[in-house]
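Participant: Sequence:
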Amino acid sequence: MSVANLKIGWIGAGRMGAQLITRLLDAGYDVTVYNRTASKVAHLAEKGARVVARPVDLADRDLVFSMVSSSNDLEEVMLGEGGLLTGEASPRIIADSSTVSAEASARIREAANSRGCDLLATPVSGNPKVIAAGKLTVAVSGPREVFESIEPVLNVFGRSVTYVGEGEVARLVKIAHNLMLGVVTQCLAEITVLVEKGGVSRANFLAFLNDSVMGSVFTQYKTPALVNLDFSPTFTMELLQKDFDLGLEAAYALKSPMPIASATRQIVAQAAGAGLGIEEDFATLLLEVARGAGIELKPENVSVDDGLTPVHS
2 MSVANLKIGW IGAGRMGAQL ITRLLDAGYD VTVYNRTASK VAHLAEKGAR VVARPVDLAD
62 RDLVFSMVSS SNDLEEVMLG EGGLLTGEAS PRIIADSSTV SAEASARIRE AANSRGCDLL
122 ATPVSGNPKV IAAGKLTVAV SGPREVFESI EPVLNVFGRS VTYVGEGEVA RLVKIAHNLM
182 LGVVTQCLAE ITVLVEKGGV SRANFLAFLN DSVMGSVFTQ YKTPALVNLD FSPTFTMELL
242 QKDFDLGLEA AYALKSPMPI ASATRQIVAQ AAGAGLGIEE DFATLLLEVA RGAGIELKPE
302 NVSVDDGLTP VHS
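Heads up, the sequence shown is in the numbering used here, so the first residue is 2 and it goes up one at a time.
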């Protein structure tokens, strides 16, 4: 079957999933969607997606993507009541883009393979704004020939797709990525509070940093949040804490010391315990650092470019 004619299913249409489904629809793919809260996918139905009531109703699809919050959620939508892998039929390929443990991924792979279904781990780096800018990246692991058969579909998602190996290794790649996300954000928060306490505006400091060799796409992207204290959620503290736990579990299993990540995990837990980042972005780490420094931050109300210019597919 031509890739262009694949019948695609999707489980989990949250902020990220909905954006990626939209890109598939815009590219002309036939997409059927399951979401736990059906009312939240009405806008996708208006764009041409079909909506079903249970994951198992996607079993006749050629390729099914899943994007859920945790290992338990993944096992529930795959193996729980009405799960994708509980009916008579099974899709040919499952591509799971959730950030979950390698152990949970392996359990789903075993269940899928027992039914003649291949599993690819396809975690992504980005958020809805990154997707809109066409800059999402994907890490993939699993059977290489299966990856190559759906690579054109994955390319619809964004800027690049990287095959990283067999089995569950893409899970570790994504978890390592999110450890860096937390550590870098904590460091960025600390130095930003330092210079503000020393009399430099956050906008001026971050403008300098972003133009230096130490600046990055990420530091520029987070600058509006740090300058204007706009913490509209892209990734919550709860999810970051979950990923730190997964990362440190992997570090323990592999006997790979991570003292900086361990310290950052405690700071993330402290911020979450203080009620930060529950319904807001994890960049509220800035507020926890400021509290410790004895200063109260206020929005600077400066127009700041986040470096993400939307790209239309």
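FYI, nobody ran anything at the bench for these hints, they're computed from the structure.
All values reported here derive from a predicted model rather than from experimental measurement.
For each residue, glycine too, the CB sits at the ideal point set by N, CA and C.
Each hint should be verified, as a subset may be incorrect.
[As the list claims (entries may be wrong)] Taking lysine-lysine and the BS3-like style, the derived pairs with C-alpha atoms no more than 25 Å apart in a straight line are: (1) 136 to 256; (2) 130 to 256; (3) 299 to 243.
[What the hints assert, rightly or not] Label-pair distances were calculated between CB atoms; the ranges are: (4) 303 to 257: 27 to 35 Å; (5) 300 to 217: 42 to 50 Å; (6) 163 to 261: 20 to 28 Å; (7) 219 to 4: 42 to 50 Å; (8) 54 to 196: 48 to 56 Å; (9) 5 to 264: 28 to 36 Å; (10) 104 to 196: 37 to 45 Å; (11) 116 to 246: 26 to 34 Å; (12) 274 to 29: 46 to 54 Å; (13) 15 to 83: 47 to 55 Å; (14) 263 to 231: 25 to 33 Å.
Participant: Going back to the hint list, which numbers does this structure go against?
Facilitator: Hint check: 1, 2, 3, 4, 5, 7, 9 and 13 fail, others pass.
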